[in-house]
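Between the sequences and the hints, there should be enough to build the whole structure, so can you do that?
In UniProt numbering, the protein residues as written are 1 to 203.
Derived from the structure by calculation, the hints contain no laboratory data.
A couple of the hints might just be wrong.
[Claimed, not checked] Per label pair, the in silico range of CB-to-CB distance: (1) 134 x 95: 15 to 25 angstroms; (2) 50 x 176: 30 to 40 angstroms; (3) 98 x 155: 19 to 29 angstroms; (4) 156 x 125: 12 to 22 angstroms; (5) 41 x 15: 19 to 29 angstroms; (6) 91 x 16: 36 to 46 angstroms; (7) 116 x 88: 28 to 38 angstroms; (8) 35 x 128: 18 to 28 angstroms; (9) 95 x 73: 12 to 22 angstroms; (10) 174 x 98: 33 to 43 angstroms; (11) 33 x 91: 35 to 45 angstroms; (12) 194 x 17: 26 to 36 angstroms; (13) 87 x 39: 42 to 52 angstroms; (14) 51 x 171: 33 to 43 angstroms.
Each residue gets a CB set at the ideal place from its N, CA and C atoms; glycine is no exception.
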Amino acid sequence: MFTYDMIMKKKPHFDSKKKEILQAAMKLFAEKGVDGVSVKEIGAAAGVTDAAIYKHFTNKDAVAAEAFEEYCGSYTRLVDDYASQTGLFAEKLSALVTRVLESYDEDKYGLLLLSQHHELFTEVLKSRGRQPLDALCDLLDQAVLQRDIPPQNIRLTAVLIIGAFNQLAVSTMQGELEEPLSALAPEVTAHLLALTGLGKGPA
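Dropping the structure here:
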């Protein structure tokens with residue numbers, strides 16, 4: 001889902017230099033925040049000149065916006081994919097949790113970038129229309145209609161689930177949780193199922 005190479009392989013004729021710039025920027029933004037990174041730092045990390053960056057992007061914010069957009073879109077498509085599958089909600093949520101946590105283990109910077117609160121990213125979300133939160137709301141709505149979970153404040157539940165994913169990534173980066181994060185998938189799933197009204201969480 002969130003690994004950069006997987007996303008870019010789906011883009012025909014994607015400029016390899018642009019890919020290197022975005023990949024380097026992703027790591028820096030995730031570690032230091034957008035405001036804490038300069039174009040020169042991105043260039044140094046990508047092994048390119050400032051001029052090469054400006055060939056592809058108007059400024060640093062444009063780099064950050066595109067990186068965020070790519071991962072946000074990937075996140076949304078992943079949730080939509082599970083929503084479109086047949087089966088019980090518990091099975092879909094379990095598979096979704098496992099994939100999100102595996103994605104963090106494969107490439108932590110995408111999920112960490114999504115967890116950041118920056119006005120630039122807020123604008124990206126507003127402009128792109130459908131968001132991961134919308135996709136998750138649809139998945140939960142579907143579960144309520146199928147009577148897999150009880151009626152509830154769907155948007156609140158979706159916000160709490162996405163918030164849990166984001167905080168898991170941040171806490172792992174800060175050393176509060178041990179890696180690999182995917183090892184916690186069964187326990188995380190149990191907690192989130194309890195949140196939706198299924199089960200009582202892990203014993």
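Now for the hints, and whether the structure bears them out:
Restraint check, residue 134 to residue 95: a C-beta distance of roughly 19 angstroms satisfies the suggested window 15 to 25 angstroms. In this structure, residue 50 and residue 176 meet the distance hint of 30 to 40 angstroms, their C-beta atoms being roughly 37 angstroms apart. Range check, residue 98 to residue 155: about 24 angstroms between beta-carbon atoms, so the 19 to 29 angstroms window is met. Taken as a hint, the range 12 to 22 angstroms holds for the pair residue 156 and residue 125, whose Cβ atoms sit roughly 18 angstroms apart.
Here the CB-CB span from residue 41 to residue 15 is close to 21 angstroms, well matched to the stated 19 to 29 angstroms. The hint said 36 to 46 angstroms for the Cβ distance between residue 91 and residue 16, and at roughly 39 angstroms that hint holds. The hinted window of 28 to 38 angstroms between residue 116 and residue 88 holds, with their beta carbons roughly 33 angstroms apart. For the pair residue 35 and residue 128, the beta carbons lie near 22 angstroms from each other, so the given range of 18 to 28 angstroms is met.
Between residue 95 and residue 73, the C-beta spacing of about 20 angstroms keeps the proposed range 12 to 22 angstroms intact. Against the hinted window of 33 to 43 angstroms, the Cβ-Cβ separation of residue 174 and residue 98 comes to about 23 angstroms, which falls outside the hint. Taking the beta carbon of each, residue 33 and residue 91 are about 37 angstroms apart, inside 35 to 45 angstroms as hinted. Our hint of 26 to 36 angstroms for residue 194 and residue 17 is violated, since their Cβ atoms are close to 47 angstroms apart.
Taken as a hint, the range 42 to 52 angstroms holds for the pair residue 87 and residue 39, whose Cβ atoms sit roughly 47 angstroms apart. Between residue 51 and residue 171, the C-beta spacing of about 39 angstroms keeps the proposed range 33 to 43 angstroms intact.
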